[in-house]
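*Asks:* Below, each chain spelled out in residue letters.
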Amino acid sequence: MELSSFILKRLILMVVVIFGVLIIVFVVTRIIPADPVGAILGGNAPPAAVDAMRHQLGLDKPIFMQLLDYLGGVLRGNFGNSLVSSRSVITDILEYLPATIELAISSIIFAVLLGTTLGLLSAVFRNRFIDHFSRVFSILGISLPGFWLGLILILFFYYRLGWLPSGGQYDMFLSPTRVTGLVLLDSVITGEWNVFFNAIKHLILPTFILGYSSTASIARIMRASMLDVLHQNYIRTARAKGLPKKTVILRHALRNALIPVVTIIGLEFGGLLSGAVLTETIFSWPGLGRYIVNSLLTLDYPAISGGTIFIALIYSVVNLVVDILYAALDPRMRA
Amino acid sequence: MNRKRKAIAGLLFLAALSVAVAANIPKDTLVVASNSEIFKSFDPGVCFEVEPSVYVKNIYANLVTLKMVDGAFTPVPDLAEKWEQSSDGKTWTFYLRKGAKFANGDPVKASDVEYSYRRAITINKSPAWLFKDTLGLTVDSIKAVNDTTVTIVTNGAPSNIVLSVLAANIGGVLNEKEVRAHEVSGDMGQAWLTDHSAGAGAYVLKEWKRKTQIVLTANKNYFNGEPPIKTIIVRDVPEASDRYLLLKKGDVDVAWQITVEQAASLRDKSEDVALISTPAQSLEYVAMNASWGPFKDNRVRQAVKYAIDYDAIINKVREGFAIKNQQFLAIGYFGYKESNPYKRDVEKAKKLLADAGYPNGFEVEIVTSESDIRRAEAVVVQSNLADIGIKSNIVVMPAAQMYDKYRNQGLQMIVAGWGIDYPDADALAKPFADYTVKQLAWRNAWLDDKAAAMTAAAAKEINDKKRAQMYIDLVQYWQVNGPFAMLYQPIEYWGIRKEVKGYDKAFEGYNVHCNFTLISK
Numbered sequence: 001m002e003l004s005s006f007i008l009k010r011l012i013l014m015v016v017v018i019f020g021v022l023i024i025v026f027v028v029t030r031i032i033p034a035d036p037v038g039a040i041l042g043g044n045a046p047p048a049a050v051d052a053m054r055h056q057l058g059l060d061k062p063i064f065m066q067l068l069d070y071l072g073g074v075l076r077g078n079f080g081n082s083l084v085s086s087r088s089v090i091t092d093i094l095e096y097l098p099a100t101i102e103l104a105i106s107s108i109i110f111a112v113l114l115g116t117t118l119g120l121l122s123a124v125f126r127n128r129f130i131d132h133f134s135r136v137f138s139i140l141g142i143s144l145p146g147f148w149l150g151l152i153l154i155l156f157f158y159y160r161l162g163w164l165p166s167g168g169q170y171d172m173f174l175s176p177t178r179v180t181g182l183v184l185l186d187s188v189i190t191g192e193w194n195v196f197f198n199a200i201k202h203l204i205l206p207t208f209i210l211g212y213s214s215t216a217s218i219a220r221i222m223r224a225s226m227l228d229v230l231h232q233n234y235i236r237t238a239r240a241k242g243l244p245k246k247t248v249i250l251r252h253a254l255r256n257a258l259i260p261v262v263t264i265i266g267l268e269f270g271g272l273l274s275g276a277v278l279t280e281t282i283f284s285w286p287g288l289g290r291y292i293v294n295s296l297l298t299l300d301y302p303a304i305s306g307g308t309i310f311i312a313l314i315y316s317v318v319n320l321v322v323d324i325l326y327a328a329l330d331p332r333m334r335a
Numbered sequence: 001m002n003r004k005r006k007a008i009a010g011l012l013f014l015a016a017l018s019v020a021v022a023a024n025i026p027k028d029t030l031v032v033a034s035n036s037e038i039f040k041s042f043d044p045g046v047c048f049e050v051e052p053s054v055y056v057k058n059i060y061a062n063l064v065t066l067k068m069v070d071g072a073f074t075p076v077p078d079l080a081e082k083w084e085q086s087s088d089g090k091t092w093t094f095y096l097r098k099g100a101k102f103a104n105g106d107p108v109k110a111s112d113v114e115y116s117y118r119r120a121i122t123i124n125k126s127p128a129w130l131f132k133d134t135l136g137l138t139v140d141s142i143k144a145v146n147d148t149t150v151t152i153v154t155n156g157a158p159s160n161i162v163l164s165v166l167a168a169n170i171g172g173v174l175n176e177k178e179v180r181a182h183e184v185s186g187d188m189g190q191a192w193l194t195d196h197s198a199g200a201g202a203y204v205l206k207e208w209k210r211k212t213q214i215v216l217t218a219n220k221n222y223f224n225g226e227p228p229i230k231t232i233i234v235r236d237v238p239e240a241s242d243r244y245l246l247l248k249k250g251d252v253d254v255a256w257q258i259t260v261e262q263a264a265s266l267r268d269k270s271e272d273v274a275l276i277s278t279p280a281q282s283l284e285y286v287a288m289n290a291s292w293g294p295f296k297d298n299r300v301r302q303a304v305k306y307a308i309d310y311d312a313i314i315n316k317v318r319e320g321f322a323i324k325n326q327q328f329l330a331i332g333y334f335g336y337k338e339s340n341p342y343k344r345d346v347e348k349a350k351k352l353l354a355d356a357g358y359p360n361g362f363e364v365e366i367v368t369s370e371s372d373i374r375r376a377e378a379v380v381v382q383s384n385l386a387d388i389g390i391k392s393n394i395v396v397m398p399a400a401q402m403y404d405k406y407r408n409q410g411l412q413m414i415v416a417g418w419g420i421d422y423p424d425a426d427a428l429a430k431p432f433a434d435y436t437v438k439q440l441a442w443r444n445a446w447l448d449d450k451a452a453a454m455t456a457a458a459a460k461e462i463n464d465k466k467r468a469q470m471y472i473d474l475v476q477y478w479q480v481n482g483p484f485a486m487l488y489q490p491i492e493y494w495g496i497r498k499e500v501k502g503y504d505k506a507f508e509g510y511n512v513h514c515n516f517t518l519i520s521k
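Protein sequence lines, in the order shown, are assigned to chains A and B.
Residues in the first sequence are numbered consecutively from 1, following the UniProt record's numbering.
Residues in the second sequence are numbered consecutively from 1, following the UniProt record's numbering.
Looking at chain A on its own, in the form it has when it is part of the complex (with noise of 0.2 Å):
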């Protein structure tokens, strides 16, 4: 198959997964037996507001026709207003993906580079101090909770030893310049340098504790393929040629042994996507898994469906683009 063909029925099956995320949410949402209206209006709310606001939402009418309305709007590009901030939540969502994204991208770009160098390293040096080393550190961060790890490193890089911030994306006493949302890149943009180097120093401890556990998965699954691959016989026959190991390991082993682990960095990505919620909550961080946790606790509606519906259009594409990728790689997989 071409790679074209392979692309097109790759995105028409992500058509079909997009609307099928969109209607497990709303069912399972509405099926719940709780009410939004009361938990946003508060406790104390007469029951006649409650109704008003019922109606006002539609929330009054039968699932059918409010799955009619929704999806209605949606085609038309309208995912609804959130029940709590009252805007669209195109515009609440669109605020806080950045932040995410940003933190994700980070924090992919640290596991992979960090986990394939231990996973090379541990798979090369095979018994030796550097693998007992990075399996003691791997298994660390698959079983340690991120938000207890996350506090121990804010009491001792921020309380102690003031080297690092607590939380937020940057300063408070700095305003920069909102381009694309992404912080580092608008400061590149606009060359506000104090706060290109001001965000690094945030992106910092929320990068690790997002990045460590997949750091942990990339570097197990490396060292294994890589393992794999240097039985292979032709890494042998590279060796008996007389190749330095250096250029066999590197030019020969290296791009097969990369393989599985490039499956398995969509997947990463994804996680760290939309398990981002408790990252955000110790580093103050104003991303959307805060957004899509706070609108589950107050079963608001709209914005729960936006941005699970966004969080899985990101993911697929994410998985998409690994595909390729991995069609790129290994020609067999197109057939």
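It is possible that part of the hints are untrue.
When the alpha-carbon atoms are kept at most 27 Å apart in a straight line, the in silico DSS-like pairs for lysine-lysine are as follows [said to hold, decoys possible]:
(1) B:K498 with B:K27
(2) B:K132 with B:K438
(3) A:K61 with B:K405
(4) A:K201 with B:K248
(5) B:K498 with B:K248
(6) B:K521 with B:K67
(7) B:K269 with B:K450
(8) B:K450 with B:K465
(9) B:K249 with A:K201
(10) B:K177 with B:K143
(11) B:K343 with B:K450
(12) B:K438 with A:K61
(13) B:K450 with B:K296
(14) B:K209 with A:K201
(15) B:K269 with B:K27
DEER-style ranges, computed between Cβ atoms [what the hints assert, rightly or not]:
(16) B:E365 with A:I24: 23 to 33 Å
(17) A:V293 with B:L447: 36 to 46 Å
(18) B:E365 with A:V293: 18 to 28 Å
(19) B:N315 with A:I189: 56 to 66 Å
(20) A:V293 with B:S520: 37 to 47 Å
(21) B:G225 with A:Q56: 38 to 48 Å
(22) A:P47 with B:I323: 27 to 37 Å
(23) B:K220 with A:I324: 56 to 66 Å
(24) A:I63 with B:T122: 30 to 40 Å
(25) A:Q56 with B:I38: 14 to 24 Å
(26) A:R128 with B:I394: 46 to 56 Å
(27) A:V27 with B:V184: 25 to 35 Å
(28) A:L174 with B:L447: 51 to 61 Å
Computed list of chain A residues with no C-beta within reach of chain B, every gap over 12 Å [stated by the list, open to error]:
(29) L22
(30) V50
(31) G73
(32) F110
(33) Y234
(34) V293
(35) I314
By construction, these hints were calculated from the structure, which means they are not laboratory data.
We put the beta carbon where it would ideally sit given N, CA and C, even for glycine.
Position chain B relative to chain A; hints supplied.
*Replies:* Structure of chain B alone, referenced to chain A:
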């Protein structure tokens, strides 16, 4: 060479990063760390949540405001310098002070008051019932007679109720011209006022970067003179431990919503940080559904009231940050007279249960919300009930689910709280004792006509002495017969840096009376 260059570049990068992290807060700036997740709007006609209303109160001036005088909320002039009440008690005439200006320099006119009140009724958001139901106002009830005189025709509610409601956020006076200029498709400026301001109060909302920070700046045209604190920054810090560390480190001046344990540690030993506290405008209670099984019998409800260890909840769960108050009236409120008839008496409780025909107890479900404090309270109540043979299961529900069931009388027992809407006895008597308003008494199916009639009569009595006695009688009747075991009135607290002065005075009445102009550094 290449390596050297890389090393130098690396060092430069690190140097750029290592600029001191701690922010130096200027003397005229107050930085507050708070979880601002609950903030929805700064529109005085919309905002009804406790914490955001603290800021709205300082952005908008009202006709009257409330001040703590001898421990009681007392209405005092704000934009109105004086007022009169007609002999039938229904028509109020307010005379505006001369020369008051909005933050943008426009003069404050009676027509602005008329517009603001009519707008609040028309947009009909969460606080609108205060005007519509409590005072019986319609859009025709408010009239600007001339530039400095405005009349309001009420349903004849007692003066303390009228003035308390006018002093609430919904009575904030907007600059009509400015709001009209920002109307979008007939929304009466709602979208714009969500994160902008058009008031005559001490501060102006300069910026609201959601989930990052809120910035207020001093209003140069404020009629009482510019306040000492020129900028207030509210940093959004969702995690309590972060707020506590920021405070201890000096990167914020005030920390809101720290945990009771953190507050207790500040109270017991603190060097640079002090703890400021004030009675909260809320009450914490356990309620029993009077239409459910054993709770139909008042003796069972009384047994529960005698089983609860109030002191353990106040001293252990709240670390002492609570005041024993077993009535629906908060301390300092009209008609309040200390009355705490219940204390833990297991034998008496057991006897009451046996008399009611439940010598071996029964099984009940206690519902509560996701707050740590409430869960801890529920656990104490659970073990107290176990001592008299009642087996209870605790169910923790998210707010959306809990309120849905509660409003439909669908809970057996609940541990919850009630925030006070305006500082008058009526704001508490109605929800707790009058089932016809379909609030707490109704949710717990306590359909007591006598209590409802007593509440309605007290709300209409304009003789203050008589009215006060009516509430004392109602409290007594309600304490014996009602479905509520009142746990306590919480104490609200803040951790503040010692260089901040006047915070205690500013927050004496918590959200009802909070005045940032009294704060300095």
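*Asks:* Are the hints correct? Go through all of them and say.
*Replies:* Hint by hint, here is what the structure shows:
1. B:K498 with B:K27: 13 Å, holds
2. B:K132 with B:K438: 16 Å, holds
3. A:K61 with B:K405: 20 Å, holds
4. A:K201 with B:K248: Between A:K201 and B:K248 the Cα gap is close to 21 Å, so the pair holds against 27 Å.
5. B:K498 with B:K248: 11 Å, holds
6. B:K521 with B:K67: Roughly 22 Å separates the two Cα atoms, so the pair holds.
7. B:K269 with B:K450: Outside the cut-off at roughly 50 Å; violated.
8. B:K450 with B:K465: Between B:K450 and B:K465 the Cα gap is close to 21 Å, so the pair holds against 27 Å.
9. B:K249 with A:K201: Distance ~18 Å between B:K249 and A:K201 Cα, so the pair holds.
10. B:K177 with B:K143: The given pair, whose Cα atoms are some 17 Å apart, holds under the 27 Å limit.
11. B:K343 with B:K450: 26 Å, holds
12. B:K438 with A:K61: The given pair, whose Cα atoms are some 24 Å apart, holds under the 27 Å limit.
13. B:K450 with B:K296: The hint holds at about 17 Å.
14. B:K209 with A:K201: 20 Å, holds
15. B:K269 with B:K27: 25 Å, holds
16. B:E365 with A:I24: 23 to 33 Å: At 31 Å between Cβs, range holds.
17. A:V293 with B:L447: 36 to 46 Å: With a Cβ separation near 39 Å, A:V293 and B:L447 satisfy 36 to 46 Å, so the hint holds.
18. B:E365 with A:V293: 18 to 28 Å: Distance hint for B:E365, A:V293 holds at roughly 27 Å.
19. B:N315 with A:I189: 56 to 66 Å: Taking Cβ atoms as reference, B:N315 and A:I189 lie about 57 Å apart, which means the hint holds.
20. A:V293 with B:S520: 37 to 47 Å: The hint (37 to 47 Å, Cβ to Cβ) holds, given that A:V293 and B:S520 are roughly 38 Å apart.
21. B:G225 with A:Q56: 38 to 48 Å: For B:G225 and A:Q56 the Cβ distance comes to about 43 Å; the hint holds.
22. A:P47 with B:I323: 27 to 37 Å: Check passed, 31 Å falls within 27 to 37 Å.
23. B:K220 with A:I324: 56 to 66 Å: Between B:K220 and A:I324, where Cβ atoms are some 59 Å apart, the hint holds.
24. A:I63 with B:T122: 30 to 40 Å: 31 Å, holds
25. A:Q56 with B:I38: 14 to 24 Å: At 21 Å between Cβs, range holds.
26. A:R128 with B:I394: 46 to 56 Å: At roughly 53 Å between Cβ atoms, B:I394 and A:R128 fall inside 46 to 56 Å, so the hint holds.
27. A:V27 with B:V184: 25 to 35 Å: Once the Cβ atoms are compared, 33 Å apart, the range 25 to 35 Å for B:V184 and A:V27 holds.
28. A:L174 with B:L447: 51 to 61 Å: 59 Å, holds
29. L22: A:L22 clear of chain B: closest Cβ-Cβ about 21 Å, beyond 12 Å.
30. V50: At about 7 Å from chain B, A:V50 fails to clear the 12 Å cut-off, so the statement is violated.
31. G73: The claim stands: A:G73 keeps its Cβ more than 12 Å from every Cβ of chain B (closest is about 17 Å).
32. F110: 16 Å, holds
33. Y234: Per Cβ check, A:Y234 is outside 12 Å of chain B; nearest 33 Å; holds.
34. V293: 10 Å, violated
35. I314: At roughly 19 Å from the nearest Cβ of chain B, A:I314 sits farther out than 12 Å, so the non-interface label holds.
Figure legend: structure checked against the earlier numbered hints; hints not met, in rising order: 7, 30, 34.
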